[in-house]
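The whole structure should be built from the sequences, with the hints applied where relevant.
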Amino acid sequence: MVMLTPEAIRAVDSLDECPGVMTTRRHVIREHDGWEQIVYIYEPEQPCKGPRPTLVLVHGGGFCIGDPISQTPIARYLALHFGITTISPSYRLGAPETPTYPAPLEDIAFAWEWARNHAAEWNLDAGKMFVGGSSAGGTLSALSLTKGMLPNCRGLVEYWGPLDFICRWFDNGEKSGGELNLLGCNYPENPTLFHEASALAHVKPGLPPAVFIYGIQDTTVHKRQGLLGVAAWKSVSAHAEYYEFDNIGHGIIGDNTESMVQVMLRTGVFLQSLL
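Residue numbers (the numbering used here): 111 to 385.
Bear in mind the hints are in silico, worked out from the structure with no lab data behind them.
Hints are supplied without guarantee of correctness; some may be wrong.
Listed next, the in silico DSSO-like pairs over lysine-lysine satisfying Cα-Cα at most 30 Å (straight line) [unchecked claim]:
1) 159 x 257
2) 238 x 159
3) 333 x 159
4) 344 x 333
5) 238 x 314
6) 238 x 285
7) 344 x 314
8) 314 x 333
9) 285 x 257
10) 333 x 257
11) 314 x 285
12) 159 x 314
13) 257 x 238
14) 314 x 257
Here's what the structure looks like:
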């Protein structure tokens with residue numbers, strides 16, 4: 111595994127420029143009903159002989175807030191130490207009064223196709239593309255994958271996201287969390303929607319390998335969601351890995367640098383194993 115020095119950790123965790131990584135910020139890939147969809151693109155500066163493997167990495171924020179820039183640390187780390195280009199897209203955000211489902215899935219799928227169609231321009235390997243995300247972004251990346259919206263996806267990296275909204279309803283004391291901004295209702299009001307919007311409801315044979323990473327003390331999204339993900343993947347004979355770490359995910363207390371380093375290392379090693 112690649113070990114990070116304190117200086118390297120500060121470089122990937124800062125919003126300043128990071129030596130060794132080229133960053134394209136807020137690149138507009140389309141306009142839709144007055145809304146601009148943007149991507150951040152993180153590319154290794156080091157020359158390579160061919161196109162680079164690419165991760166489409168989706169930000170979190172309870173389906174109501176968040177920005178692609180939040181994926182900067184992991185994207186920089188993957189560029190510096192594994193030669194992977196990361197594309198982090200925006201997607202339409204909602205509120206209980208203005209839920210967005212299924213629009214965010216359409217946005218992730220559009221960003222995926224944009225990357226495939228512009229592979230030559232950005233030196234991307236369209237045959238080695240992965241998807242991932244954290245929290246709400248983990249949900250959306252997994253759901254878009256299991257619903258078959260990401261053709262030729264080679265793997266999933268899923269961080270602490272709800273994968274089964276019905277299970278989450280009961281884990282959460284029979285009340286909704288951030289999914290209220292996506293679905294606009296509570297489980298008893300529309301059980302069918304909660305099932306349909308759950309990534310694990312669409313698991314089928316032929317899924318690519320996945321890694322599920324969760325926080326041991328996370329009280330917002332129970333680590334059971336990741337364990338359910340592994341079980342679902344294995345039920346269709348797909349490869350799945352599960353890892354849990356202290357002080358990671360939601361509700362971080364104090365300095366969690368070491369935990370974040372472990373997450374970045376595990377992510378890079380998993381993706382490298384699929385190249």
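Going through the hints against the structure:
The hinted pair formed by residue 159 and residue 257 fails the criterion: a straight-line CA distance of about 34 Å is larger than 30 Å. Restraint check: the Cα-Cα separation between residue 238 and residue 159 comes to about 15 Å, which is no more than 30 Å; the hinted pair holds. Pair hint residue 333 plus residue 159 does not hold up; C-alpha atoms about 40 Å apart against a cutoff of 30 Å. Under the criterion of a C-alpha separation no larger than 30 Å, the hint pairing residue 344 with residue 333 is consistent with the structure, at around 17 Å.
With a CA separation close to 21 Å, the supplied pair residue 238 and residue 314 stays within the 30 Å bound. Taken as a hint, the residue 238 and residue 285 pair is broken in the structure, with Cα atoms around 39 Å apart against an allowance of 30 Å. Annotation: proposed proximity of residue 344 to residue 314 holds, straight-line Cα distance about 10 Å (limit 30 Å). Taking the CA atoms of residue 314 and residue 333, the gap is near 22 Å; set against the 30 Å cutoff, the hint holds.
Restraint check: the Cα-Cα separation between residue 285 and residue 257 comes to about 26 Å, which is no more than 30 Å; the hinted pair holds. The straight-line distance between the Cα atoms of residue 333 and residue 257 is roughly 23 Å, inside the 30 Å bound, and the hint therefore holds. About 29 Å separates the Cα atoms of residue 314 and residue 285, which keeps this hinted pair within 30 Å; it holds. Using a Cα cut-off of 30 Å, the hinted pair residue 159 and residue 314 is violated, with the two alpha carbons roughly 36 Å apart.
For the suggested pair residue 257 and residue 238, the alpha carbons sit about 20 Å apart, so the restraint of at most 30 Å is met. Restraint check: the Cα-Cα separation between residue 314 and residue 257 comes to about 9 Å, which is no more than 30 Å; the hinted pair holds.
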